[in-house]
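Sequences and hints are given; from them, build the entire structure.
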Amino acid sequence: MANKSVWSDNRFWRRSATWVTGFASILLIWLTFDTSAQIAMGNDQDLKNGVTKRVPGPTVINYKITYEMSAKRGHEVPIIGGNDGKGNSLFQQKEKFFGRDDYSEEEAASLLHLGKLGSQAKNCMDCHTLLGNGAYYAPDLTKAWLDPAWGPNGAMQALTGKNTKEEAMAEFLQHPDQYPTHARMMPDLGITAKEAKGLVAFLKHMSSIDTNGFPRNFGHMQGAINGK
Amino acid sequence: MANNHLTSESKQLATWYFTFAAILFGAQLLFGLVAAIQYVMPGFLYGILDFSIARILHINALVVWMVFAMFGSVYWLLPDETGIETIGIKIGKLIYWVFVAAIVVVVLVYLLIQVGPADATTIWFITEGREYIEAPRWADWGIVVVALTFVANLFLTGMKGKQTGIVTVLMADMIAFAGLYLAGMFFTDNISVDQYWWWWVIHLWVEATWEVFVGAIAAYGLITMIGAHRKVVEMWLWIEVAMLFGSGILGLGHHYFWIGTPEYWWEIGALFSALEPLPLVAMFIHVLYDWGKTQGAEEEKGNEASVINNKPAFTWFVLNAFGNFLGAGIWGFFHTLPQVNLYTHGTQFTSAHGHLAFFGAYATILVGMMYIAVQGTNGIKIMKHTKASIWGVSMITSGVVGMTVALTIAGYVQVLVSRAQMGATWAAYFDGQSGMWFVQAMDWRLIMGAVTFLGFLFLAKDLLTTGKNPVHER
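Just so you know, the sequences run in chain order A and B.
In this text, residue positions in the first sequence follow this note's numbering: the first is 200, and each later residue adds one.
In this text, residue positions in the second sequence follow this note's numbering: the first is 1000, and each later residue adds one.
If you're looking for bench data, these hints aren't it; they were derived computationally from the structure.
The structure presented is a predicted model; accordingly, all values stated were derived computationally and were not measured.
Some clues are possibly wrong.
Chain A regions said to be covered by chain B (calculated; three or more residues, Cβ under 8 Å) [unchecked claim]:
#	segment
1	226-232
2	296-308
3	332-339
4	365-372
Heads up, simulated DSS-like pairs for lysine-lysine below, C-alpha to C-alpha not over 25 Å straight-line [what the hints assert, rightly or not]:
#	chain 1	residue 1	chain 2	residue 2
5	A	Lys271	A	Lys285
6	A	Lys203	B	Lys1380
7	A	Lys295	A	Lys271
8	A	Lys203	B	Lys1230
9	B	Lys1310	B	Lys1380
10	B	Lys1310	B	Lys1230
Yeah, the Cβ is synthetic: ideal placement off N, Cα and C, and Gly gets one too.
Structural data, given as structure tokens:
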């Protein structure tokens, strides 16, 4: 009589399941260590020393941020404080944020902390997406800071009666029902002036995160619809 | 309950879990309808029950009813599998009421308080504001206690009674399921780190541990409903576990394409998540093959009667086999490669996939378990379809498929107009949303949502009344 084949043996499959699961789990844990190191938040020294981090430190709010093509990476990357011409950040050009570009590490960190807490306390991601995750009832906020609508040529500064991007955003967040951009309006969530400032800092910081080119072409396509 | 045929306390507790699960299922659909109406009529309940709140309730009710029905399923099958009464069932029953009370409080706070100031008290007592796991921190700890009690019930019973392959898989799976919840219980200012661990809960639940759970339940169902051979069923189960965890654990990488994490997740996520549909094919074949095999063996003996002793439950189980493959497998694969996902990430595409996958992979089989419980509770030998059961399953299924098709079309519009053509800005977003095809798709989604809800009413009526229906063989 032939021996029973291992392929129809429950024990063999149980062991296989255990080994496969164990192997996948160990690989995931190992990758988690590597990824955690790479996505740990940078600090002010990194910015001053020109060290590019995937998630820059909170004082990135002192710098001008843009989203530009990197020939090497093959997609857009956040550029902090000016472009060296090859898609690398220079960390030089500053930009005023509520009138200042000299926030200390503590000040910037506490603004970011307030903003991140606010983003959760107001359930932002149950209408919007952050880094593409959340609900689809309102625009993605990943690079909202870089949206031309809030810039000098956009509609939002005039609409809110403010002269800077951050002030226009903060004003909108406090009274969204007064500035409708669509029949679908953001409700008034009781956001205070202080919270709004934190939220804008959170948005500016988020726009500096290296998201591997997501969203593609953000803010670079204007008036393309209907061939205009 | 009059004429209750249950002698096992564990099964009794299971029926409690199923009952509350069914109520939450109804709530899920109701709040889903509110959110769907808001897409069509943005002024609907504006400032009273805004979209964000309706959606929180929609998706939280979804997760919680499924967890309830999963716990119920385990309490139901434990006495059958282990041959003994569940150990610590008194504490299990007590914990059930704690769980229900906590959920009622959480829901009331969602409804009445909604949002809070940007500080830690909001996170602890109102909302954590993280999709799917918005429940405030105090409730998180409550869930941990509840889950630990449940896991203790399962482990103590599994170790003392007969430890079948199904019980062994459930023990390993449920400890991972409970443990993973801890990954979602901390606050960080770093949104990339936040989402990295958030996905450990969401993905490793629904694309790993829950899927393995479904494999175990399907195995139990095949044995109890058609008398499939345990050795064959359990061998398949182990193969499925290997394939599900082998692909699903590292398939987590497909959520790490764009959240700040390194590029190597493109390759890892693409490869392993592309493999994720394979075990779902295996599960589909498993169910249909075992059915045909068992029926064929009976026919050879000259027995022409169906081998199925619970028609409605088996219908839902077969729907599960197909729906899991279609919703999780095909609709998931559609947008899992980074080259596609760059444009589909964060669009109605994801929503289309979410609707069909949660329904196909989980809702179906859990409703099937509810029918098995109705059968057992009423001492029915062969349970048949009723008009209501057929209307229920047909309307719910066509409703969900209709919503999925509508959302897929809406997703296409978003991908092409808002993303590819316009570059994803605020204005681009609303250009897509205002497009005629998007608007029509949202109308159809609402209509199909209403069909789903009507189907649910039939289902609820059937679950409540079919037990006493004389059509069944007792």
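If you test the structure against every hint from before, which numbers come out violated?
2, 4, 6, 7
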